[in-house]
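Asks: Chains as they are written, first to last, in the working numbering: chain A, 47 to 158; chain B, 7 to 120.
Source of the hints: derived by calculation from the structure; they are not laboratory data.
Please note that a few of the clues may not be correct.
[Unchecked claim] With a cut-off of at most 25 Å between alpha-carbon atoms, the simulated SDA-like pairs for lysine to any residue come out as follows:
hint: 1; chain 1: A; residue 1: 88; chain 2: B; residue 2: 89
hint: 2; chain 1: A; residue 1: 102; chain 2: B; residue 2: 108
hint: 3; chain 1: A; residue 1: 113; chain 2: A; residue 2: 98
hint: 4; chain 1: A; residue 1: 88; chain 2: B; residue 2: 46
hint: 5; chain 1: A; residue 1: 88; chain 2: B; residue 2: 59
[Said to hold, decoys possible] Covered stretches of chain A (in silico footprint by chain B; criterion: 3 or more residues with CB under 8 Å from a CB of chain B, positions within the stretch not fixed):
hint: 6; segment: 91-102
hint: 7; segment: 141-151
Backbone N, C-alpha and C fix where the C-beta goes; we use that ideal spot for every residue, glycine too.
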Amino acid sequence: QKEVEQNSGPLSVPEGAIASLNCTYSDRGSQSFFWYRQYSGKSPELIMFIYSNGDKEDGRFTAQLNKASQYVSLLIRDSQPSDSATYLCAVVPSGGSYIPTFGRGTSLIVHP
Amino acid sequence: EADIYQTPRYLVIGTGKKITLECSQTMGHDKMYWYQQDPGMELHLIHYSYGVNSTEKGDLSSESTVSRIRTEHFPLTLESARPSHTSQYLCASSERPERSGELFFGEGSRLTVL
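One chain only, chain A, in its complex shape (with noise of 0.2 Å):
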């Protein structure tokens, strides 16, 4: 089973719409929790992270985290076609590893 699940989309929306994207973890003692932003043919960038419950903001960008149902989401407001992307969800599990697990990514398409 894989332990960080995302819908590999391609999510569409249209330019100023918002963007929901999705992110269950099988790891309940999971403690913190990331999104990463990577463009065609470039690496993953950091742009939200979240390590407590409730919603955290940053511009247009905020991440929502619900442990009890362990899924954790991230809202772009106001979708510019330069967000078309893949967003990665991350997730640092319990056990002291340390070592974060990838979702395969969920690609954002905002149309004109």
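Assemble chain B onto chain A, guided by the hints.
Replies: Same frame as chain A, but now just chain B:
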């Protein structure tokens, strides 16, 4: 700003050649990683290191080897390259454990084995 460098960026070689992909970081990070990623596919962890003289194999079985003699340097070596090794190799680093999920990635080394 992340300072992690990979060389070469692109490499085309013949089967059976020995290659070393270089990765260096100037941030003093203890943890370093090597990932393999095919186009449009997920990241696969192939090696990681907690610090000098520490190396571990990742989730994906790999014929490559790594070394960590200096904090800043984490090279990956393929003794005899094969076409199945054709892929993008990404090096990353992170700092102390409580921020271990905050990875800084290099630009990658795209390897093609003919």
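Asks: Does each hint hold? Answer for all of them.
Replies: Taking the hints in turn, this is what the structure says about them:
1. Between the alpha carbons of residue 88 of chain A and residue 89 of chain B the distance comes to roughly 22 Å, so the proposed pair stays at or under 25 Å and holds.
2. For the hint linking residue 102 of chain A to residue 108 of chain B, the alpha-carbon distance of about 16 Å falls within 25 Å, and the restraint holds.
3. Between the alpha carbons of residue 113 of chain A and residue 98 of chain A the distance comes to roughly 8 Å, so the proposed pair stays at or under 25 Å and holds.
4. Taking the CA atoms of residue 88 of chain A and residue 46 of chain B, the gap is about 11 Å. The hint holds against a cut of 25 Å.
5. For the hint pairing residue 88 of chain A with residue 59 of chain B, the CA-to-CA distance comes to about 30 Å; that exceeds 25 Å, so the pair is violated.
6. Coverage of the segment 91-102 of chain A by chain B holds [criterion: at least 3 residues with CB-CB distance below 8 Å; count 3].
7. A count of 7 residues in the segment 141-151 of chain A with a Cβ less than 8 Å from any Cβ of chain B is obtained; the coverage claim is therefore met, three being the minimum.
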